[in-house]
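Taking the hints into account, I'd like the entire structure generated from these sequences.
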Amino acid sequence: MDFMFQVLEIAFDSRHLFLVFMGTLVGILVGSMPGLSVVMGLTLLLPFTFSTSMTGGIFMLLGAFCGAIYGGSITAILINTPGTANSAATCLDGYPMATKLGQAGRALGISTFASTFGGLFSSLALLGTAPLLAMIARNFASPEYFSLSVFGLTIVTRVSSKSIAKSLVGAVLGLFLATVGLDMMSGMPRFTLGTVYLTAGIAYIPLMIGVYAFAQGLTTAEESALGIVREVQQALDSVIPAWSDLKRIMSTVLRSSFIGVIIGAIPGTGGDIASWVAYNEAKRWSKHPEKFGTGLPEGVAAPESANNAISGGALIPLLTLGIPGDAGTAVMLGAFMMHGIVPGPMLFIDHRLDVYIIIAGMFIANLFMCGLGFAGLRLFAKIPRIPPALLLPMIFVFCFVGTYALNNNINDIHFMIVAGIIGFLLIKLDFTMPPVILGLILGRIMENNLSRSLVYANGDWSVFLTRPISCLLILISVATLAIPSIRWGIKAWRQNRGAAAS
Amino acid sequence: MFAYEFIASLLVIAGGAAIVIASGRLGDFNSYSSSFGPGYWPSFLGWAMLALGVVLLLEALVKLAADCRRAAAGLAVEKLPPPIDFASPGFYRVYWLILILGGFMLALRLAGFLAGTVFLTPACMILLRERRPLILAAMTAGVPVAVYLIFVRLIGVHLP
Chain L
1 MDFMFQVLEI AFDSRHLFLV FMGTLVGILV GSMPGLSVVM GLTLLLPFTF
51 STSMTGGIFM LLGAFCGAIY GGSITAILIN TPGTANSAAT CLDGYPMATK
101 LGQAGRALGI STFASTFGGL FSSLALLGTA PLLAMIARNF ASPEYFSLSV
151 FGLTIVTRVS SKSIAKSLVG AVLGLFLATV GLDMMSGMPR FTLGTVYLTA
201 GIAYIPLMIG VYAFAQGLTT AEESALGIVR EVQQALDSVI PAWSDLKRIM
251 STVLRSSFIG VIIGAIPGTG GDIASWVAYN EAKRWSKHPE KFGTGLPEGV
301 AAPESANNAI SGGALIPLLT LGIPGDAGTA VMLGAFMMHG IVPGPMLFID
351 HRLDVYIIIA GMFIANLFMC GLGFAGLRLF AKIPRIPPAL LLPMIFVFCF
401 VGTYALNNNI NDIHFMIVAG IIGFLLIKLD FTMPPVILGL ILGRIMENNL
451 SRSLVYANGD WSVFLTRPIS CLLILISVAT LAIPSIRWGI KAWRQNRGAA
501 AS
Chain R
1 MFAYEFIASL LVIAGGAAIV IASGRLGDFN SYSSSFGPGY WPSFLGWAML
51 ALGVVLLLEA LVKLAADCRR AAAGLAVEKL PPPIDFASPG FYRVYWLILI
101 LGGFMLALRL AGFLAGTVFL TPACMILLRE RRPLILAAMT AGVPVAVYLI
151 FVRLIGVHLP
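Top line first, the protein sequences correspond to chains L and R.
Take the first sequence: its letters are residues 1 to 502, numbered as in this note's numbering.
Take the second sequence: its letters are residues 1 to 160, numbered as in this note's numbering.
It is worth saying that the hints were derived from the structure and are not from the lab.
Heads up, a few of these hints could be off.
[As the list claims (entries may be wrong)] To spell it out: a stretch of chain L is covered by chain R in this simulated footprint if at least three of its residues, at any positions, have a beta carbon under 8 angstroms from a beta carbon of chain R; those stretches are:
(1) 186-193
(2) 358-372
[To be verified] Derived PhoX-like pairs: lysine-lysine, alpha-carbon spacing no greater than 25 angstroms straight-line:
(3) L/K100 to R/K79
(4) L/K283 to L/K247
(5) R/K63 to L/K428
(6) L/K247 to L/K100
(7) L/K428 to R/K79
(8) L/K287 to L/K100
(9) R/K79 to R/K63
(10) L/K283 to L/K100
(11) L/K491 to R/K79
Backbone N, C-alpha and C fix where the C-beta goes; we use that ideal spot for every residue, glycine too.
Below, the structure written as structure tokens:
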């Protein structure tokens, strides 16, 4: 009981509440601007965490994380342009509700309720499962960690691009970038091009600012030349959801939140996948699936509760295993590290109080998101009107200051610009960035655990198949990559057979 | 489209080969710790990239062959726009933007961050067709002041 009071006392400290409030507000603003992503919001807020306590900094990032996911739904509903990829599925029913049915306020109210429910549900899931998983993870050895990293990478490569080969190239590129710098075992510099800057390895935060924020700035500039103009939204009706709506969507929200937590907890996945899966499940369970896409409240509630439910789910592998599930939690991992905390199973023993304060922060962030959402919806609805000419210089200035503030090093800015330009071109060629980032983050973990496993097994690679958890993860990874190819082969064979017969 | 896919796959193959060659010089075995050496893992990744480059090349060739067969049979071939059009108005704007960013870096080196921001902000806005003098002036003055207040005064970042 004393422990709980201690947690609540720190979590409800006025400075911490102010920081989580500011983080949530910034998150919603970033999320509601089309083109600015959740990761971008988090990376741009990262420098602010230097001047706060660990709890304050993490609270601010948690607020931004939850707020940005929710903020994406505002533009999805009002202008049919998801503020972030997480809200793409919300467009399907949210936009028709706002335009054809003239119920923009109702759609936004349902989205705010569903997002809050999803976020709180995932916080509960985090509270209930993380300590248990951490206990199990204490028995994990190097082979399990290696297999888990392989599993995360295969999942992200499978879901992030139309071409698995291109995603795999991205993942291998990320893994290779992680080898740059001093080798942990021999101390020998690798691929540093004779520079001192690269000896410490590739800093992933400048890389992330480059490929997410800077590259997005270039895309915005390119699109502005093509004259892509976004429609201005209509006036809002009441934003408080009616009791009948709440009763109607409750089962959908509950099911979707569960889906969101499960998908969020799988390394390499994210809110976009969760929202599409939840939308499809809502449609499958509905008595009127044919009405989906015409402005159904369930079509808004399902993706919104699922994408917000990934916030707690994504923290499960980060806190228990030290493995960030996506780019957003990777930024949080960076913030933990900067404050001297290494996430992993031992975190629940060495920093037990901090872990529960973070979980309390998740609850607070979601409650602030709800309050800000309902109170400020009319204001947030005006944000998509900000023209790119005003937005672009601010994005670049924040990219530069944010990158420089990490290490007070101008070379980080040079590196960020180069990474941003390369990222911009790669995105154009359908090479998506999540596999590169996850590869970079997991690269060192994979190499170290592979090395340790092989030393332990005298160079015998079968060590990954003789341990049950490791074997299971490897088998799922292989299946994840092989099944689409097998399906494609069968389809091609059937087509050829059909063509020959005709 | 094929040309882009073809060039991309060749670049991946070349990248993979370069990693394999560079890793070979690092050594595969570490005799001190009886573990694999600094070149083992990168070399493995290089070979993986090389193999994936070949897969990408095959994918592009298979697609091209299928298109040729469809064309020969008199069927419609799906024509996708090129993923990158280096001569499009959008890309010209990106070139200008990169030049402006180069100017910002120069100003950063010579006169510091805030002076660089005074150059970057209006330059970006003018590039994006913002012509209202009042807005330009307000942003040119407002962004550096905001950066100074938030980052230097509030957070304590030492800007160059």
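Inset, instruction - Hint by hint, work out which the structure violates, then give me just those numbers in ascending order. - result: Checked against the structure, the hints that fail are numbers 2, 3, while the rest are satisfied.
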